[in-house]
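Colleague: Protein chains in written order, with the numbering used here: chain A, 3 to 188; chain B, 135 to 401.
Calculated from the structure, these hints are not laboratory results.
Idealized CB from N, CA, C, for every residue including glycine.
Do not rely on the hints blindly, as some may be mistaken.
Distance windows between CB atoms, simulated [claimed, not checked]:
1) A:LYS148 / B:PRO214: 18 to 28 angstroms
2) A:GLU169 / B:THR328: 26 to 36 angstroms
3) A:TYR23 / B:LYS139: 52 to 62 angstroms
4) B:GLU248 / A:PRO114: 46 to 56 angstroms
5) B:GLU283 / A:GLU35: 45 to 55 angstroms
6) B:ALA313 / A:MET166: 31 to 41 angstroms
7) B:LYS263 / A:ASP38: 49 to 59 angstroms
8) B:LEU221 / A:THR7: 25 to 35 angstroms
9) A:ASP53 / B:PHE330: 22 to 32 angstroms
10) B:PHE330 / A:SER25: 34 to 44 angstroms
11) A:LEU18 / B:PRO215: 42 to 52 angstroms
12) B:LEU143 / A:TYR173: 17 to 27 angstroms
13) A:ASN160 / B:LYS263: 22 to 32 angstroms
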Amino acid sequence: MRKKTTLFIVLGILLLLVLGYASKYNSFITLEEEIDGKWAEVENNLQRRADLIPNLVATVKGYASHEEKVFTEIAEARSRLLGAQGVEDKVKASSEMETALGRLLMVVEQYPELKADQRFAELQDELAGTENRLSVARLRYNESVKSFNARIRRFPGNIVAGMMGLEKREYFQIKEEAREVPKVEF
Amino acid sequence: MKIMKNIKLSIFIFVIIITSFIGAGSTWAADPSVVKIDGYVTDQASLLRPEEKNELNSLLSDFDQKTSNQFLVVILPSLPPGENLELYSLKLAEASRAGKKGLDNGLLLLILKEDRKIRVEVGTGLEEKITDGRAGRVIREVIAPAFQEGKYFSGIKKALFTLINWVEPSYFPEGSEGARFQEENEPGFLFFFTLFILFIIISTYLSRLDRRRWYKRGFSQRTMRPVIYPSSRTRSNRSSGSSRSFGGGGFSGGGGGFRGGGASGGW
């Protein structure tokens, strides 16, 4: 009689453990998918920005063709961004791009006719919108990374995460100075 | 006794395991700094007269019922301290849940009276129709000039007309006030359209010529007719408006999503 009870208890605990493991496992999978989805959104916006740049540069060139240095810089930053692989590389390339864009917009300040150009104004809106979307995507990505990283370290998730071989995900961090430069103001 | 002890122990272990696995899931807490939205038009800066507010309200409510697009106007005296225009507007838009879930066809026009700032926050599903460039244009060319003259109501109304026409070109019946804010076809489009028609005429002509030639030579007749597809327009649930609720908690839209599209400006 006593043996049976013990057996049932052990079986019950085992069942609970298995169920618990399964639910943690599934929730980690869901979280990972979520992070990947949010990262894809970040990449979309990086790509969108890279696509906008040739148009923007062409418009600026029409008014300020002798500012060669800025144009080369921006073209280089763009090709680095398009060639970057992985989170770390892309984050770095993106902040270089931001610095280059900031310089371009500073050049623009010296050409009042350019600022009055309607096409340029719209391109600037597109760029500002993309920057904003990028920062929203970055925020949402970082939020889900944060919750993922916390959950794989908390007990008992850490045991399951260890068995699954999950590791902490990288944040999309931006340098403070990079954040200030590319602000598109009117 | 021993059995009792075992049962107690197992219950204890059970509780421990269950609670440790459930854990507290982090949820998005409602942000208290976000202003309560009480309808399609929220005016906390007394920029509009009551009858003006009503007129805009009924326009937007009708637009919602007929097309399921939820456009909101929010007018505040100024930004809450420490907030940034874009992030605040996104928070507001998310809290309002404007737009239908899945279609994400909400829009928020935020006006800050004392800061003299404007933001058009465009729902994810409308970003193609109201591009950032267009959103910026409506601010620069419609709202700002009117606001500079103190014509707040007409500025907002014209802006809404323009935005509505971009999203649903057939919403305003011909000859109505709103229909006047339809943009003429962009020159590029007209040019390509003419080219397209020319191309069809020429290719029809050529294929006829060809056919005649082949005919003479004794080939079987080929049927080569240019196919013109009937212009089909996708309509988003015209008959059923999106779900929304007003009671107690203020306005709550259909759960549309935003991701920061739109434009900012000032006057």
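Colleague: Confirm or reject each hint.
Modeller: Status of each hint after checking the structure:
1. For A:LYS148 paired with B:PRO214, a C-beta distance near 24 angstroms keeps the hint of 18 to 28 angstroms intact.
2. Range check, A:GLU169 to B:THR328: Cβ separation about 59 angstroms, and the 26 to 36 angstroms hint is violated.
3. At about 28 angstroms, the beta-carbon gap between A:TYR23 and B:LYS139 misses the expected band of 52 to 62 angstroms.
4. For B:GLU248 and A:PRO114, the Cβ-Cβ distance of about 28 angstroms falls outside the hinted range of 46 to 56 angstroms, so the restraint is violated.
5. Between B:GLU283 and A:GLU35 the Cβ separation comes to about 52 angstroms, which falls inside the hinted range of 45 to 55 angstroms.
6. Evaluation of the 31 to 41 angstroms hint for B:ALA313 and A:MET166 yields a failure: the beta carbon distance comes to about 60 angstroms.
7. In this structure, B:LYS263 and A:ASP38 break the distance hint of 49 to 59 angstroms, their C-beta atoms being roughly 29 angstroms apart.
8. In this structure the hint that B:LEU221 and A:THR7 lie 25 to 35 angstroms apart at CB is violated, the actual value being about 59 angstroms.
9. Judged by the Cβ atoms, the range 22 to 32 angstroms given for A:ASP53 and B:PHE330 holds: they are separated by roughly 26 angstroms.
10. Checked against the hint of 34 to 44 angstroms, the C-beta distance between B:PHE330 and A:SER25 comes to roughly 58 angstroms, which is inconsistent with it.
11. Range check, A:LEU18 to B:PRO215: Cβ separation about 50 angstroms, and the 42 to 52 angstroms hint holds.
12. One distance hint, 17 to 27 angstroms for the beta-carbon pair B:LEU143 and A:TYR173, is violated here, with the actual separation near 43 angstroms.
13. Judged by the Cβ atoms, the range 22 to 32 angstroms given for A:ASN160 and B:LYS263 is violated: they are separated by roughly 47 angstroms.
Checked against the numbered hints given earlier, the structure breaks hints 2, 3, 4, 6, 7, 8, 10, 12, 13 and satisfies all the rest.
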